[in-house]
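**Q** Guided by the hints, dock chains R, D and W onto chain G, whose structure is given.
There are 4 protein chains.
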Amino acid sequence: MKVGFIGLGRMGSAMADRILAAGHEVAVYNRTVAKCSDVVSRGAKLAGTVAETARFGDVVITMLENDAALSSVAMGDGGLLQSLPRGGIHVAMGTHSVALVGKLTEAHAEAGQIFVSAPVMGRPPVAAAGQLGILTGGPAAAVEKCQPLFAVMGRRTFDCGTAPVGAAAAKIANNAVLACAIEAMAEGFALAGKSGVAGSAFLEILTDGLFAAPAYKIYGKLIAERGYLGDAGFTATTGLKDVNLALAAGETVGVPLPSVNVSRDRLLSAIARGNGERDWSVMADEQARASGMA
Amino acid sequence: MKVGFIGLGRMGSAMADRILAAGHEVAVYNRTVAKCSDVVSRGAKLAGTVAETARFGDVVITMLENDAALSSVAMGDGGLLQSLPRGGIHVAMGTHSVALVGKLTEAHAEAGQIFVSAPVMGRPPVAAAGQLGILTGGPAAAVEKCQPLFAVMGRRTFDCGTAPVGAAAAKIANNAVLACAIEAMAEGFALAGKSGVAGSAFLEILTDGLFAAPAYKIYGKLIAERGYLGDAGFTATTGLKDVNLALAAGETVGVPLPSVNVSRDRLLSAIARGNGERDWSVMADEQARASGMA
Amino acid sequence: MKVGFIGLGRMGSAMADRILAAGHEVAVYNRTVAKCSDVVSRGAKLAGTVAETARFGDVVITMLENDAALSSVAMGDGGLLQSLPRGGIHVAMGTHSVALVGKLTEAHAEAGQIFVSAPVMGRPPVAAAGQLGILTGGPAAAVEKCQPLFAVMGRRTFDCGTAPVGAAAAKIANNAVLACAIEAMAEGFALAGKSGVAGSAFLEILTDGLFAAPAYKIYGKLIAERGYLGDAGFTATTGLKDVNLALAAGETVGVPLPSVNVSRDRLLSAIARGNGERDWSVMADEQARASGMA
Amino acid sequence: MKVGFIGLGRMGSAMADRILAAGHEVAVYNRTVAKCSDVVSRGAKLAGTVAETARFGDVVITMLENDAALSSVAMGDGGLLQSLPRGGIHVAMGTHSVALVGKLTEAHAEAGQIFVSAPVMGRPPVAAAGQLGILTGGPAAAVEKCQPLFAVMGRRTFDCGTAPVGAAAAKIANNAVLACAIEAMAEGFALAGKSGVAGSAFLEILTDGLFAAPAYKIYGKLIAERGYLGDAGFTATTGLKDVNLALAAGETVGVPLPSVNVSRDRLLSAIARGNGERDWSVMADEQARASGMA
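If you read the sequences in order, they're chains G, R, D and W.
Residue numbering for the first sequence follows this note's numbering, starting at 1019 and increasing by one per position.
Residue numbering for the second sequence follows this note's numbering, starting at 1019 and increasing by one per position.
Residue numbering for the third sequence follows this note's numbering, starting at 1019 and increasing by one per position.
Residue numbering for the fourth sequence follows this note's numbering, starting at 1019 and increasing by one per position.
Chain G with its partners taken away, still in its complex shape:
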């Protein structure tokens, strides 16, 4: 297949590499051109504009950091809406708002193009290993056509229905459930801790049975050891962005999310205290303060 790829950050580069290595032809575009050099050195074609990338093949993938970047690439001057051929497919693999995904679904349809939302689960090393989880939302035929690409980027796909907005919402909801798990752990650790239980002991209790899963092992450890004071894997500021995406999605489809509100408030407090660049499990620090422990 011939594939255009826009957005060569750490995730995008790893994903484009996988597609290239599988024998597909890839044209890449990134606002900061330098980020394309590695992939280009491995055989990708360097496209000069969004439009050139859009016209390179039948499918153009975007892997962009936020709504602003995707809006600009898709709806800006010379953007995908204007340049993607009729019948062409735009696969958005970043995490974007339900509102923007809905808007692009309509706009691409009006332009005779096809829009697929396919956000991913997994960090850069997972992407490099082709082990992402890929959530797909879009017309069945278009999703089917992209399967060979998904197959080299991911370990598996999850069918979120024929509306692109579904995949976006599922990704956002999954992140929101994680935010809630972190806050719930923070509350549990505070309760156990003020009752005299060592953090390490409570961590073992949690993760021994019901919660023997990465979310609890990783974040439980960060909380038990106050690891959020060290290097951040995912910052409070980014976490707030994700949580806001969930609350906005909830507003769009009419779903109140009271537990997510609690996480948001802890993140706001952490950021207000100057901890926005710490790991988002710093919400445990706010929980501790609200418990008179700091």
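The reader is advised that the hints may include incorrect statements.
Intra- or inter-copy, both count: the list cannot distinguish identical chains.
Unchecked claim - Computed list of lysine-lysine pairs in DSS-like fashion (alpha-carbon distance at most 30 Å, straight line):
id, residue 1, residue 2
1, Lys1121, Lys1239
2, Lys1259, Lys1020
3, Lys1053, Lys1063
4, Lys1163, Lys1020
5, Lys1259, Lys1235
Calculated from the structure, these hints are not laboratory results.
**A** Just chains R, D and W now, kept in the frame of chain G:
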């Protein structure tokens, strides 16, 4: 060892059986005598009173359903405080309030007795297999002395420190984290569902990675399939009891638990709607109603 | 009328004085006898026991600080249930839990006695002036019979129906609405304050129109001027007791109270930080901390 | 003075009328020209464009419904930023987000213009009577210069400091406190109601003392009588917009608003159920449902 065992419900019976099968001598007592017959048929001695059970050996175990039952057995007329020999050990293995555990710690100490809190994780089949997780809180020597008993009842112990209240709080906190996980899932399923994603798909997304753990697999399935309308594993009413234990513990030690409040409110709504005897994941039904889905 | 009066704290003394001054005969009882001396010097009869007070007239009023005191006076040995004549009326004017009021309603009925709940709104000076607001719940004939007494203690009565529990719930609900108003103000002051608006200006804005009422004028001023750091009118610890009464009532009748939870959490934080004896508007201090302002 | 006035809705028309009647010269502009006819018939000059209005005098007032309208008028092609003379004053009297107010403050400053935020409290009849409460935020000299205009539109001004964002935040915070009061009342009415107290009785209790203010009298009555099922004074959808402004402002300045979240969730539920165009006190209907009352 010679062990008194009070409380022969489904959990208690399975636990007493394990102790007996390991070669210890066991005297059993239950308010409803009939519940003792199986264990007695396997060799346990039937005690006529709490006091007789208390004087049978050096250790008396209670496995009672709630605070009222434990209060009565421990502090009532002829109860453990009055009948357990000086230096005797009372191991409370039910899930009890931090307030009662604190009170019994003091009362047993005043009576020259030793109190250990050792609540367990696991349902009756797990108890029957001797695979419980046992949280221990109490003086190191007393906990040490009970290890042979814990070893036959459980898969492992978790050291919650030398204060009995710690083990009680850790058990309660673990349950509270579960309540929060159920509510968070309920919110996630509502958000994904109203966005067009099938419950089964969102369940796979959740449990594929970050949340690949029993709590999410079991309760996620109940939510995705509305299984809470069928047989209840753990009722909303019992769930509310647990959640209240957490909030009461939080008040005792000074820890606000905002996420737990959210779960409590959903449980209250479910009970108010007449669903108190359904599985406590029925909180997802309330989340759905609040989302205009029912 | 001949009236027994139990509970001669600041409120009770003022209320008993009013009844006495209106020409009724009053027998008073208080656990700490000394507190009766003033009222006795003004003509009240000193009763030696609860039972003696109960048998003095057709009506016995209790004005006790909490559930424990009322339980003991009503249900203890020689208490009202045992000593009040058949057909006698017990009017409980303290603020008590819906659970206890419900229990006493049943117990008095079984004993052939009549129970009326009549909690009051107003502080001691208001009581001394006979200007209380009195919430009445109980059988119409009994409430009617007590009207001459209510008329000298209060400015007006509010008919909360024929179930004593109604008056208790209404009092508790009114207090809970106040707790929520304080927390809402705390949030508003934090938002305005961090945006550069002087507390005194925001106070004027609030109380100029929509919120031109004592609750906002009094507590808004305490928040704007951080007056909660000075003398406490009503402590955080007492506030928590009230808020807990509301949440317990909500549980009894099946009403989740999410805003009340928010107030409770702020009070818990304040108490955990050592501010339990400050005015309960100290919840604004916790709001400020959660906003990174302290 | 010579005043440009943009935005001739019900509020704007009443306000422009007041200025005109006080003898000032007024040029008016509205996207839908027809709305200007009444004011023009009373002597205002009809401006053909935003730019023409901006250049008419030293002060241009905008009274627009939302951020989108203000953004377009101020920052669009030929908008105020481009057309207002250097040193000219733009007074924004609508309720706008802290983010937009902050942006306009910077943008006007860069253009050598002065920006004042002066949102108002009061509905159209209050505006027609010149009895608005006006919150002012902006450079002292500019606010001073506008005082003659404020004096004819309002009963009084509230000094929210020299940053325009302060006045915007104070207005938003005041609205948010109202949302919280409505939700708190909803909770109180549910608690009292399910305990057997008539809504009319609880309304009297609330508004007799602590809460004897319009917010409680108006909205308490709507709740007690389920008046939210009739004509809407202020819809749930508009209420949600206001509540979102508060939460967004809280995020901008770092203030979590947990009580406001509760109101937002109730509004979302009401809207999800199809009640978006009912009075926003319909949140009491959601509270009732969550209490199993509907």
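**Q** Treating 30 Å as the Cα threshold, decide for Lys1163 and Lys1020: within, between, both or neither.
**A** The answer is within: 12 Å in one copy meets 30 Å, while 65 Å across copies does not.
**Q** Could you place Lys1259 and Lys1235 in one of the four classes (within, between, both, neither) given a Cα distance threshold of 30 Å?
**A** For Lys1259 and Lys1235, both the intra-copy (23 Å) and inter-copy (27 Å) Cα distances are at most 30 Å.
**Q** 30 Å Cα cut-off: does Lys1053 pair with Lys1063 within a copy, between copies, both or neither?
**A** Within. Shortest intra-copy distance 13 Å satisfies the 30 Å Cα cut-off; inter-copy 58 Å does not.
**Q** Have a look at Lys1259 and Lys1020 and pick one of within, between, both or neither, based on CA distance no larger than 30 Å.
**A** neither (33 Å within a copy, 45 Å between copies)
**Q** For Lys1121 and Lys1239, with the copy left unspecified, which applies at a CA distance of at most 30 Å: within, between, both, or neither?
**A** neither (40 Å within a copy, 32 Å between copies)
The structure does not agree with the numbered hints 1 and 2 stated previously, though it agrees with the rest.
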